[in-house]
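Protein chains in written order, with this note's numbering: chain A, 134 to 519; chain B, 134 to 519; chain C, 134 to 519; chain D, 134 to 519.
These are computed hints drawn from the structure, not numbers from a lab.
Glycine included, each C-beta is placed from N, C-alpha and C at the ideal position.
Do not rely on the hints blindly, as some may be mistaken.
Stated by the list, open to error - Chain C stretches covered by chain A per the calculated footprint, using a threshold of three residues with CB under 8 Å from any CB of chain A: (1) 360-374; (2) 402-414; (3) 420-430.
Unchecked claim - Pairwise CB distance ranges (calculated): (4) D:Gly275 - B:Pro272: 28 to 36 Å; (5) A:Ala160 - D:Thr251: 55 to 63 Å; (6) A:Pro272 - B:Pro178: 50 to 58 Å; (7) C:Glu295 - A:Pro276: 38 to 46 Å; (8) C:Asp185 - A:Gly437: 38 to 46 Å; (9) B:Gly311 - D:Pro272: 53 to 61 Å; (10) A:Gly475 - C:Gly405: 53 to 61 Å; (11) B:Pro178 - A:Gly475: 36 to 44 Å; (12) D:Glu418 - C:Ala217: 50 to 58 Å.
Protein chains: 4
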Amino acid sequence: MRTGVWLVGARGSVATTSIVGALALRAGLSGPTGCVTELPEVRGPALPAFADLVFGGHDVVATPLAKRAEALATAGVLPARLVAALPEELAEVERELRPAPITGSQADRAAAIGRDLTEFRERHGLARVVVVNVAATEPAPGPHPAHADPDALRAALSGPDEVLPPSSLYAYAAVTAGCPYVDFTPSTGLRLPALTALADTHRVPYAGHDGKTGETLLKSVLAPMFAMRHLAVRSWSGLNLLGGGDGATLADPAANAAKVRSKQRVLGETLGYLPQGDTRIEYVEALGDFKTAWDLVTFAGFLGTGMRLEFTWHGCDSALAAPLVLDLARLTAAAHAAGHTGPLADLAFFFKDPLDSTTGSLADQWTRLCAFARQLHGGGADAERG
Amino acid sequence: MRTGVWLVGARGSVATTSIVGALALRAGLSGPTGCVTELPEVRGPALPAFADLVFGGHDVVATPLAKRAEALATAGVLPARLVAALPEELAEVERELRPAPITGSQADRAAAIGRDLTEFRERHGLARVVVVNVAATEPAPGPHPAHADPDALRAALSGPDEVLPPSSLYAYAAVTAGCPYVDFTPSTGLRLPALTALADTHRVPYAGHDGKTGETLLKSVLAPMFAMRHLAVRSWSGLNLLGGGDGATLADPAANAAKVRSKQRVLGETLGYLPQGDTRIEYVEALGDFKTAWDLVTFAGFLGTGMRLEFTWHGCDSALAAPLVLDLARLTAAAHAAGHTGPLADLAFFFKDPLDSTTGSLADQWTRLCAFARQLHGGGADAERG
Amino acid sequence: MRTGVWLVGARGSVATTSIVGALALRAGLSGPTGCVTELPEVRGPALPAFADLVFGGHDVVATPLAKRAEALATAGVLPARLVAALPEELAEVERELRPAPITGSQADRAAAIGRDLTEFRERHGLARVVVVNVAATEPAPGPHPAHADPDALRAALSGPDEVLPPSSLYAYAAVTAGCPYVDFTPSTGLRLPALTALADTHRVPYAGHDGKTGETLLKSVLAPMFAMRHLAVRSWSGLNLLGGGDGATLADPAANAAKVRSKQRVLGETLGYLPQGDTRIEYVEALGDFKTAWDLVTFAGFLGTGMRLEFTWHGCDSALAAPLVLDLARLTAAAHAAGHTGPLADLAFFFKDPLDSTTGSLADQWTRLCAFARQLHGGGADAERG
Amino acid sequence: MRTGVWLVGARGSVATTSIVGALALRAGLSGPTGCVTELPEVRGPALPAFADLVFGGHDVVATPLAKRAEALATAGVLPARLVAALPEELAEVERELRPAPITGSQADRAAAIGRDLTEFRERHGLARVVVVNVAATEPAPGPHPAHADPDALRAALSGPDEVLPPSSLYAYAAVTAGCPYVDFTPSTGLRLPALTALADTHRVPYAGHDGKTGETLLKSVLAPMFAMRHLAVRSWSGLNLLGGGDGATLADPAANAAKVRSKQRVLGETLGYLPQGDTRIEYVEALGDFKTAWDLVTFAGFLGTGMRLEFTWHGCDSALAAPLVLDLARLTAAAHAAGHTGPLADLAFFFKDPLDSTTGSLADQWTRLCAFARQLHGGGADAERG
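The shape of chain A in the complex, shown without the other chains (with noise of 0.2 Å):
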């Protein structure tokens, strides 16, 4: 069951560490560390092996995947030793890149990435291609009533006007292309009514938003630990140092507003209530691709002691999200096999702001997507945690 795996933005650092990783997996070079489908209670038979994985994508500039690799080795994110050993195996990716299509209007453009999935799908004998947004952040666009409606998009996509942000005019053409879709960033993607309802008409599963891999996931576990000891926590302020290209990105205020959305909402959902305190995100160049973010967190115990917590992390961005990529890609190529369609909320688990969800304890997304993997799998995992 050959699978595609389509990159939107795949010569960034977190496209290219997940194609190395899946390279060097392949190749039998490397362990499958950070990869949650490889879990016991995960695995299975209905997921595509990473062998079957075929590689492709877009990009707006042109760095040879190679370079990109080599850079990101200096850079301290992968091993020297991988990317020297796969020069064949990127070689063969870099063929399957093509160039964003930026001329024409929004339909003609939207028509190129169509052609592109579907020549990817044909000239591999692909059984689906999912389509994987790990482009860089974008600022939330500006409401347009063509938004509401897939006849009023299709209509306006043709006229003069930049009717969808890029994220959602991919999500488009994949979903128009019958390609399952996933948001790994906090863009907007397909979170437009008029993008959803296309989405239920070509029967396509989708997934999102916005890759959990620091301060996030660490808030998903520290917040449901107060709610379940009944402590009331006063304050939660943090602040996230990053260095890399998402970084730079996230400088907009913009963009930055919507990360720091997205990064709030386990709270309310955990705690039942939104303490004091704000998240920041900063850019330091000199970071590099590391990212460093600190929490202070103060609570009150029995009779009203005051308390703190305080933690740092210090994560690598690329070499957290890439083996999440690498799940999200199998576990909805599976969900597409099986007839899933829509939002797939037992993906939440994935997701810092993750799609009609209603929990963002990571402990009860967990459990969830261990159900949804045995049902993928048959009713039975090859194991189970417990």
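Got chain A; can you put chains B, C and D on it based on the hints?
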């Protein structure tokens, strides 16, 4: 359903905070922050109300309870206004405190403890008395042949040897008087075959060991997070700085060893392997009743990329422990009323080193606690969080 | 040599703590912890004794000083026993507090302030009155032609414009009344050419700006450490979370900007370059009178190896600032007595943004302070640390 | 003025980094970050140039230097490009390394070491050879009567006893061969009366002990900060987690004790009292060549208000130590050339546990170092920072 709560170490910080807190709750002077049994998922009709709890206890020291409460108010552990508002209620509890028996054979002392328990129960017409050990941590005792068998134990206690450590002598007296027993410390308590056999004979339930109030609580949500994300924890090192009475006790290397063993267990159980690194406990008198724990976790992500998490927990042990003491008294009383006997493995949520438990994950322990509470309440808690 | 200390913002947390502390020292109820002028290298006969300080001041609010002191005791800033022990002494200071003039032209208000100062001096037969601004931080004012010249300023003050921000109006009133002036805040104060010219005319010394009490104090020893070791600081990022009155004021972006500029200066001066990264200030009401600052410093060592330092400072601003207010009042009074006029650059040790200073290194500022103290005391401090 | 630098422990991480760094500096491939002797206040004509340093040394292991350098590059301590660029230069140094003598009496071994030193000096026509001990930390030796007197020592060395620990045997060989000696470790080295007497007889200068590269460096600026502000430090607790070779050595309790003593000295010297709390060292192999130190300082401000400072230092010991090794070799060579003999107390800036020094304050030590450098350079450094 008036229920006795008999505290071993009744004049200590944890006991004093538990008593003042329960009196304040009864008087409507404070809310139930920190009390797990007041969360919608756990509370219900099977639990004795705070107003139905009657306190008594033993201690080796004689400082008046009101003096201890005032000292805790000065130290910032208790609000001074609460202590000032409850002089008569504290005096009432004072009258129920007894000196720890210190003369005669261990059999004599056990008999004296048993009489104190029985008289307490009868004097107040209590449905039952739950004995909770909140005394200072003991070193692990040497082995003794009488630990294996109830009859041998009974015989040996009349001899000149100190056969049992104090926590176990109280446990012996409690179960032979038909009282459920909770060990909130890492001391031996009921963990000897002769004593668990006696508990079975007398059909009493028991719970333990070692209340989970700080660093281990964090480990019980963070270690599962790493496991669920398939991240490889390379090292987990911790330093606990304690200033209170427990700190001074734990400066004794033997007691320290018991505590540290209890704190490491969660990592093995939730990760499936033991990472490098140790947990240390150190006494720093200047920290007073507050405790600072610092942990460094180093871990590998996808393709081996090294990352790290640090946290600092600045907590007040008494304020964290006291509401759990009340929770355990209420739940154990309800379990006894419902006919439960033997180890209450469903209460693992509360302990660092739980009896008969198979999981160290706080979320899994929470699920089990909620199910247990529902069962106690006759199949339906008054609300459920999901 | 009785000396007046006139506090602008006399009912604020810093002023109240300064007054209670000085009264407690005078009464022998507390020691001089935090008072630099009581160290062997600085103390000496030229400084007025604590017992010789007489307090007065202006404020825009009217809450009684005793009430403010009680609130600070409840918040853990002042020991309740001190406040309880000094009711008459506080009432005595209360009688010397005056409402900030709010009607009439700025010239009228300046005249009223000046009368209050003069009457205070005469009423108590004071050798001199040092005016210290501890009021809330102001936004930087817009430019005004009258800021350049004393005569133009005098004329403009009688007009309808708000020519001067409040801190500068107090500075104007102080120097024209012959009073030395200390600005403990980042507000404008005397930093206008017209005002420094007036200070010269009236032959008074002045000091400022912005008491160095937390994160910047640390920077003033850590940045020189990196410089002395020839380590290359790549980034220095900080987040200050404040809950007190000053936090609320600084939530105003304009005031925040003034403060942040003042906090960054030390890095440029001690490193010789500005590393990447910013310092942020954020208001979190739940933190009360305490402040938490977190800083991340990344730096390169030999051959470019990347390393990092993180620190968290959890301080009580009032407790850190108050003894420095007393120090500055004593030193400025002694400087005035010794005939010093103009900016007291030797007091840079106390400030984030010192007047006319060429070094940001705390150690260098300390050397200069000690030399200044020796000179004031007639060439020999009573001891020297070396 | 070609100068020999003879490293005891020449194949260790610190020595290898020092050698690679000096070669890279000589080749213009890297800058002098971390080298104190390249700061304007210290550099000058009296110091041998990097290009004039000739390296040799002893080691108990035989791993080729180039292999050690490659391993350090893989570990992120050295840039791989530097190691790759210097194969011939490394091979040249390799030819100057000698196995540590291990047979015969201690007198025989000392003679062999002395011959190696003398031949090295003559082979390269060196003005002098500075011996620097960078070998693993030793336990403190037991007392021996021969430690008190040169003649007794000479006699005892020919006997069967291990009279001297290795660091002291090298020191003995160095001074009797007329070589200045630097102890960069906490080992005994020259600190025996018999050896300092011999150094005086042979008119050589010496320096030590224990390079100040991490937590103690921070203490030497932070403790003076608390002292200068008259803040009362209540507790200072630290945990050092080390993964490198030194970490494994220090896991030995006896070596650990020597190191910890050396780390505490600075607090007593700069504060004037010893606060509560300890410093611990722990080996965590997974940390590799990096070291993480966490310190918690609690202190009292005005009127006793409790506050706290925490810091985490994440440093690479070799990258911090290596430039100081070069600095010390250059400064000690210049001191020898200028006729200095005995302990070089002016180099306290570089050490945790400096010889004959009266201050633990880094700023004071810096002032003294700068004066010493100016004197070496003939009264005027080429610039001065102030």
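Hints broken by the structure, by number, lowest first?
none
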